[in-house]
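Mapping of the sequence shown onto this note's numbering: residues 263 to 795, in sequence order.
For the record, the hints were derived by calculation from the structure and aren't laboratory data. You may find that some hints are simply not true.
To be verified - No farther apart than 20 angstroms at their CA atoms in a straight line, the calculated lysine to any residue pairs in the SDA-like style are these:
1) LYS625 / SER725
2) LYS292 / CYS320
3) LYS381 / ILE507
4) LYS575 / LYS786
5) LYS718 / LEU708
6) LYS292 / GLY269
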Amino acid sequence: MELPHVGEHCSNKDCNRLDFLPYKCEYCNKKFCENHWKANDHSCENQHKILDFRIPTCPICNLPVPINRGEDPNYKVENHIRMGCSKIPGKSGKNPGQKGAQCGFDGFGSNGDMSGIPKVYHELIDSFWPGPLTIILPRPNNDLIPDNILGNVQVNSTVAFRFPSHPVARAIIACSNLPLAAPSANSSGKPSPTIASHVEADLRGLIPLVIDSGSCTFGLESTVVDAVSNSLPTMSSENVEISQIDEYNLTTNTATNSDTKQLVKIPCVLRPGGITVEQIMQMKNKNILNEPKNLKTQNNNIDLWKQIQVYGKTFANKVIESAPTTPGMKYKHYSPQAQVSLFIPQSPNHSNHTVENNSSIKKEMIKSIIEIIQNTSTTTKFTNKTLEKSSRIDDKEPTFNNSNEYRIGVIVIEDGSFSWNKALCNLQLENNISDNQKPSKYQISLVNYDFNSPKKPSTNILSSNRNDGDGFVNVIVAIVSGIDGLGNSMFGLLRLMDDFNVEKVLVEGVAEIGQGLAIMNRLKKAATIHISH
263 MELPHVGEHC
273 SNKDCNRLDF
283 LPYKCEYCNK
293 KFCENHWKAN
303 DHSCENQHKI
313 LDFRIPTCPI
323 CNLPVPINRG
333 EDPNYKVENH
343 IRMGCSKIPG
353 KSGKNPGQKG
363 AQCGFDGFGS
373 NGDMSGIPKV
383 YHELIDSFWP
393 GPLTIILPRP
403 NNDLIPDNIL
413 GNVQVNSTVA
423 FRFPSHPVAR
433 AIIACSNLPL
443 AAPSANSSGK
453 PSPTIASHVE
463 ADLRGLIPLV
473 IDSGSCTFGL
483 ESTVVDAVSN
493 SLPTMSSENV
503 EISQIDEYNL
513 TTNTATNSDT
523 KQLVKIPCVL
533 RPGGITVEQI
543 MQMKNKNILN
553 EPKNLKTQNN
563 NIDLWKQIQV
573 YGKTFANKVI
583 ESAPTTPGMK
593 YKHYSPQAQV
603 SLFIPQSPNH
613 SNHTVENNSS
623 IKKEMIKSII
633 EIIQNTSTTT
643 KFTNKTLEKS
653 SRIDDKEPTF
663 NNSNEYRIGV
673 IVIEDGSFSW
683 NKALCNLQLE
693 NNISDNQKPS
703 KYQISLVNYD
713 FNSPKKPSTN
723 ILSSNRNDGD
733 GFVNVIVAIV
743 SGIDGLGNSM
753 FGLLRLMDDF
763 NVEKVLVEGV
773 AEIGQGLAIM
783 NRLKKAATIH
793 ISH
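Input sequences plus hints: build the corresponding full structure.
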């Protein structure tokens, strides 16, 4: 399958490759792929004997992009799309991810008309689109959206819409001139992909191509918000801000013993993600001088977004559970092959809920690591299965080529109050155990990873008490920097632990506030064992 409106075929007669960012020869003005753009590579008849220069072309407006010698053409074209391409709908010369950039979603019309969008969403769209936000809308009464897009068409009469901020995604939308359906780019139930190789590993042979534009910005999927479905909780429409009410979120009270006739649906976060609940509740309202909203608006009407609920925390519904609106609502999801144990910190309403003050859960993880090492006795039959090779593992790394080992993975958070390196180098094994339960030899291996780098992850031995030929427990540790680091690399590290062929993965959790809500939502679904402290 090819995308005829994206890129151009290489003019080299022996190549004819479809290139998303083709280069134009300075001398003959023909367009070539990255392997044939130089005049020498395609034997250009007009080649200057001294000059040798490439000019990339924008795949949207088909204009050459100015570039200086030595500059990265891919960066220049991406910057052109982001900042200046006149063919992107609504382009105003601003970064589409910046506040104030005009939304180019065709459904709003050329003047930003949102008359067909439920009123309750207008402020949300103005605040967070384009960006990692998905909204649930009623299915249009036409044949534009086929049944197979909806999943369970007997139950679901709504469609999820998102408007991304990434310039390449925007370019594909603009070039296609078609409605695009975008299912998840991973096998159902598996950890979400954050780099192109994850997509290839899951969907190899099922899709014709992968467009690689680098790693995901957030590392977490979009926030899914529903304000119109019939399964949502409701409240009296009395005193609710009138600008947030229309036929999409109003419903009739069927209770016979109530004087309230009209109810309004309460917005709900179905899946936490890149936009936090706190950000939604603190949206700025243009009608009140761009100041953060209070509990009530100036005319004392109730703001629906201050009442927002979170599915699975503040409300649940059997109808939604029987036909999930979004895949992330499944009970078990985002799961690697290894068994995942999640260490859950104290409740967010506790005074010591921050990462910096959460040393108790770290000590609990150290205790669990020691127990695994000690319970893996010298009589344990170690796995002899050969390590499955992966494009993400350096095949020359000797640490993981020994079949006489039992591997566990550990994903932890580094902060200023606790040194994981020091703690792991000084494991204190108990000596008061029976002879048939003598502790196995062990090795602590630290993973060096950077999913933004083409360099494959490597490891170095942090500490070891084994001899060559011994059966041993190999504790493979990945340390992330803070909550943001966990959110950005969590899925990649779960996949990496599968690449390392570990039997178990221990993951340090975070408090469910801010971005931590989305992180823990994913980790709780990935984990089969929850350990609260």
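Status of the hints after comparison with the structure:
no., hint, in the structure
1, LYS625 / SER725, "18 angstroms, holds"
2, LYS292 / CYS320, "14 angstroms, holds"
3, LYS381 / ILE507, "6 angstroms, holds"
4, LYS575 / LYS786, "13 angstroms, holds"
5, LYS718 / LEU708, "14 angstroms, holds"
6, LYS292 / GLY269, "13 angstroms, holds"
Of the hints listed earlier, there is not a single one the structure fails to meet.
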